[in-house]
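Protein chains in written order, with the numbering used here: chain A, 178 to 536; chain B, 178 to 536; chain C, 178 to 536; chain D, 178 to 536.
Simulated from the structure, these hints should not be mistaken for lab results.
In this text the structure is predicted, and so the values were computed from the model without any measurement.
Hints may contain errors.
Chain copies aren't distinguished; within one or between two, either way the pair holds.
[As the list claims (entries may be wrong)] Derived pair list, reagent style DMTMM-like, types lysine to aspartate or glutamate, alpha-carbon separation capped at 25 Å:
| id | residue 1 | residue 2 |
| --- | --- | --- |
| 1 | K532 | E328 |
| 2 | K349 | E328 |
| 3 | K251 | D265 |
| 4 | K499 | E374 |
| 5 | K349 | E237 |
| 6 | K215 | D352 |
| 7 | K277 | E214 |
| 8 | K251 | E214 |
There are 4 protein chains.
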Amino acid sequence: MANSFGELFRITTWGESHGGGVGVVVDGCPPRLPLTEKDIQPDLDRRRPGQSRIVTPRKESDTVRILSGTFEGKTLGTPIAMWVPNEDARPDAYSEMATKFRPSHADYTYFAKYGIRAWPGGGRSSARETIGRVAAGAIAKQLLRTLHGVEVLAYVKQVQRITAQVDGERVKLKDVESNIVRCPDPAAAQRMIRLIEKVRRQGDTVGGIVEGIVRGAPAGWGEPVFDRLEADLAKAMLSLPASKGFQIGSGFGGILLTGRQHNDPMRMRRGKVITTQNLSGGVQGGISNGQTIYFQVAFKPVATVMHEQDTVDEQLRNTTLKGRGRHDPCVLPRAVPMVEAMTALVLIDHALRHKAQCG
Amino acid sequence: MANSFGELFRITTWGESHGGGVGVVVDGCPPRLPLTEKDIQPDLDRRRPGQSRIVTPRKESDTVRILSGTFEGKTLGTPIAMWVPNEDARPDAYSEMATKFRPSHADYTYFAKYGIRAWPGGGRSSARETIGRVAAGAIAKQLLRTLHGVEVLAYVKQVQRITAQVDGERVKLKDVESNIVRCPDPAAAQRMIRLIEKVRRQGDTVGGIVEGIVRGAPAGWGEPVFDRLEADLAKAMLSLPASKGFQIGSGFGGILLTGRQHNDPMRMRRGKVITTQNLSGGVQGGISNGQTIYFQVAFKPVATVMHEQDTVDEQLRNTTLKGRGRHDPCVLPRAVPMVEAMTALVLIDHALRHKAQCG
Amino acid sequence: MANSFGELFRITTWGESHGGGVGVVVDGCPPRLPLTEKDIQPDLDRRRPGQSRIVTPRKESDTVRILSGTFEGKTLGTPIAMWVPNEDARPDAYSEMATKFRPSHADYTYFAKYGIRAWPGGGRSSARETIGRVAAGAIAKQLLRTLHGVEVLAYVKQVQRITAQVDGERVKLKDVESNIVRCPDPAAAQRMIRLIEKVRRQGDTVGGIVEGIVRGAPAGWGEPVFDRLEADLAKAMLSLPASKGFQIGSGFGGILLTGRQHNDPMRMRRGKVITTQNLSGGVQGGISNGQTIYFQVAFKPVATVMHEQDTVDEQLRNTTLKGRGRHDPCVLPRAVPMVEAMTALVLIDHALRHKAQCG
Amino acid sequence: MANSFGELFRITTWGESHGGGVGVVVDGCPPRLPLTEKDIQPDLDRRRPGQSRIVTPRKESDTVRILSGTFEGKTLGTPIAMWVPNEDARPDAYSEMATKFRPSHADYTYFAKYGIRAWPGGGRSSARETIGRVAAGAIAKQLLRTLHGVEVLAYVKQVQRITAQVDGERVKLKDVESNIVRCPDPAAAQRMIRLIEKVRRQGDTVGGIVEGIVRGAPAGWGEPVFDRLEADLAKAMLSLPASKGFQIGSGFGGILLTGRQHNDPMRMRRGKVITTQNLSGGVQGGISNGQTIYFQVAFKPVATVMHEQDTVDEQLRNTTLKGRGRHDPCVLPRAVPMVEAMTALVLIDHALRHKAQCG
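Okay, chain A solo, but in the shape it has when bound:
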């Protein structure tokens, strides 16, 4: 269904920007995993608005509550329901949105589809929906780490034209968290922050690339032919708000090489099959090959800008609309935990599927 993701580790998110809150139900989590709100909240804090001067200033504490699925601090194997109430409920801040469609937002398409829309804050199309994903992803990351020794990490690789140098084999979470833009290349990070502040002052926005990596995944995860690991990752990433592209391994750049150059030679190293380069990105034929999985996700610049733009209203008349108050100049720092979450959800799902058929 539209609001569920995963086959065996399945999440269902719910909630609009305004109203009773947002949440998620996680079905299929293995039992006896230690789990409390303390394991979830840190990733929600990384996703939270207002965390720094370069992200959206909406005031929300985003405090999660686990309503079911655990007992005495451990998972039961039953559905884990998590809820984050909405706090910053100021629909009047959006009153013009009640009648006008914001360009390159989902206002018009939701209205065209459903004939009704929750206009405050964009309703269901708000990035608040990703709270449920990040909360569920925190569980998935814990399972991957605990049960499989697999590490999932993401970071900002590029903001507009500023590109970071990152060694995906070695970068650590603390490197990512060492600055507010979540780019582990300190020099690039400072330039990115300055750029984002500048476009914010101009009432404009900027996009870029988040890179995701998975280290320690064994060879054998992934379900050809349709549920290839890279196919499910691509779907996961393109389901995130504002994402416009996905590439794994050599990606679009790989088309400049010939087959001889592009093929990853295989060798034995310490009794393990490795490849001496990794243009495949850790996946061959839809199945992990034991090398580091890495991929990139393109996020467009945020659509809300502080400038008047042409649009139409619900009565289908031409009009204009201009953003008000403070805006979100760049989604990338907050997209990092979202990419990690979706990556972990794909990986744990495939780990369970692999175990079921081939374990």
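With chain A's structure known, arrange chains B, C and D on it following the hints.
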């Protein structure tokens, strides 16, 4: 499941490169659609090996037989089973593959996953699997055209560094089919063909980009939050053999723009909502907005090359492997019908889902 | 997944007997349906413990709150999350259950499966879980009535050996609700109530049959071959706690007839195809035929009795266990809204599926 | 989807009574299981028409061919496609069916649903569809036996009023196969056979009960709350042609007992938890408890009788219809392998699901 695709128009493909053949079961097709093998075979002929001097020379007629689901030339609403027997069964041509893993193929990963593999021709990981997709896609295209007036088309946009100029709003199937590389820009097509012939003579291979377009889709198709139209397209494309990237609308290039530049202004034109540019690629918030949908898929160079390469064998010993006989220098001309098929499968599925909930 | 039900109108329930509450997420509800808590609460009140002297006396108001999916009193087409907090949290009342498995309950099987169990009140296996079903079923019933003119109803048909006479074509909700046992045959109802009170005084329990009917369903709903209407109804009913059997139309009794007797002759009446008897129960070949659908569900006597019984404990030692305090002598009155809910969920799901493929 | 069954061991059947044949695709089968047609054919022979004088005389050899998913006699982990061509293609034998709906068949309901129907032999609603199930079930039985030591068996328990005495804990396949009615009680079997022959001579038909048992299943299989083992079994059985009821354990008879009588006391025996009676039928709270699982399925008398009956035709006019030629007096002997197959499919699916989450 791994070998099924789609929620309401669901296909299940089966078959290995060698053995009893390949096929597909299509479940959920609306009843009373005129359908015979004549509606399917043309797309299979576009996918067929040996169709021109720039594709793989394997000898297969790929003749499809409809085994169920139709009666007196019309669909029954019951599962449509289609079967294409394998003809070019020469496992000895691949005998070295019985013990050695081809680099950047799926030989090793299938073995790591399943502990067994059908080595002749790559077994299930062979591109022959896509026969079922193309056959099912032909039905989907017919439904889209007949029931919804929607047209799906794909073409080669780029081969290595040679890029074509194509007007996605106007290009026609006959333009695509006017040359063997399936690029509707005649000048670029000639250069592409020459390049492919050159790399073939060098025993090497080359990749590129296929662009897919959907014209005439109404506003309202797509199922947020996870089954966004672009998310399902991304999954569909990354499930194709040799694909490494997907981008929709502005894609990776869009990150160079600011929000002001990137937003698509909305206007009324002849009573219809349109956008005066289309960097969104016809999709906003996961739902079609009535503009032309367009996207690009990166295909890596084919992995089989006529040069010796480092690899390992089933006994996990270092060895080398070199391709033999004639090889496939470029997957792109045959990827075009595959991209069309997967696009049509996504679109018809979403059309049915939209009808169910909002129709 | 285990905690989801339905293909297009899909519900996911969550929650244990004790803890943060129980709830449901409804995905796929058509947009623009008027919906507030007032439409849900009445069915929850029919399911509520403590509603009469012949049901479980646990103290719960079971007040529902809609957290998402509606705006200004109408459905949005987005997931509808509903939550009922737990109130009667007295785990100490169950302390013996912390170490002993109640016979013919799910205590042992949950422990055997998950290696952990939320022992207070039976955790996830508690009938409290059905709150989410009943809440979702209330929406389904409203959709069936509003969009399709279809009526779903259930009532107690039999308690132990006391059988009611009910005309399924004419019985009304107010007849069902006219007494606390929910049996529309007043004379039988009084005898049933007396029996239930008697077994309650004896510290014992009693089972029986709930009959469900669907009036006004058009010919054509149901999805052969696996998702036949009767198959999905059977699954729905056997997924209810304490149910042990399902029969549709003539059911087990029909095996006493020959084919000549059992076949339902067809006739035209006022331009409509009808059958002159209805042993099929309104379904033929898995598809509704336009006649009234009727079926029966057997519920075993409730397992908690006020008598000492042999059992084992978590350390796998023989022991005995005796229920304490007041118990639930008969699940049937509260099973009636559960059967209605599950019936409505099956029917609306099939209505949407039929519309998608054949509409 | 309508024509698929199972979550992790998923089958998709296809095919009509007449036309290219019937078949099945099995997705999710574990790799490296020895499998050839020889493992499948025996169960198809038990399902085959014409196998004895008390079943339908249609001439079909029902020879299966495995088209994919195996290599050198072992499963690959890829989809297993199996195909049985139709042989007895005499649509003229059914010519009256081209315009008239057979009472209590699915002719009318298919027409009402799809607006088209393959009238020869009932098309998709023919019991020939179950060939795919039986073929897939043979694989499932082999997996259960090989990987889990679990045995699945079914037999005829009752024909009209003739009931057999069978000890479900001890009955063996050879007892079932010792007579043509597949009833392991020899005395009852002879009376059943005589009854069936008598009704056949009368041009009439008769129904009854098939009992299914599962021995050796461990405690812990089953997925509450919706995919309870008994719920999935109920769906499986009610998806079989001509089935009208399902009961597990005490079933409808259990409602005559009180809770004290009905509860299954638990004891330790040789270090294992057992129950000293088994009215639960081996399942508690949707999860197997390690005892023998047993259930019953009611099959109505076959609808085709050699007597004139009231019906209507495609032009919606009253008419009459009478069966011709030889008919099938009793579906039960052939239903036995169908019940086994569906039981095995449910069990292996739950075994894999249990392994994925809790293994």
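Results of checking the hints against the structure:
1. Proximity of K532 and E328 under a CA criterion of 25 Å is satisfied in both settings, with 18 Å inside one chain copy and 23 Å between copies.
2. For the identical chains of this complex, K349 and E328 are intra-copy neighbours only, at 10 Å inside a copy versus 47 Å across copies, given an alpha-carbon limit of 25 Å.
3. For a Cα distance limit of 25 Å, the shortest separation of K251 from D265 across copies, 22 Å, qualifies, whereas the shortest one inside one copy, 32 Å, does not.
4. Taking the closest pair of Cα atoms, K499 and E374 come within 25 Å of each other only inside a single copy of the chain (20 Å); across copies the shortest separation is 54 Å, beyond that limit.
5. Taking the closest pair of Cα atoms, K349 and E237 never come within 25 Å of each other, the shortest separation being 28 Å inside a single copy and 49 Å across copies.
6. In this assembly of identical chains, K215 and D352 lie within 25 Å of each other by CA distance solely inside one copy; the values are 22 Å within and 52 Å between copies.
7. Taking the closest pair of Cα atoms, K277 and E214 never come within 25 Å of each other, the shortest separation being 39 Å inside a single copy and 30 Å across copies.
8. When the C-alpha separation of K251 and E214 is checked against a cutoff of 25 Å, the pair qualifies only within one copy, where the shortest distance is 11 Å, while the shortest distance between copies is 33 Å.
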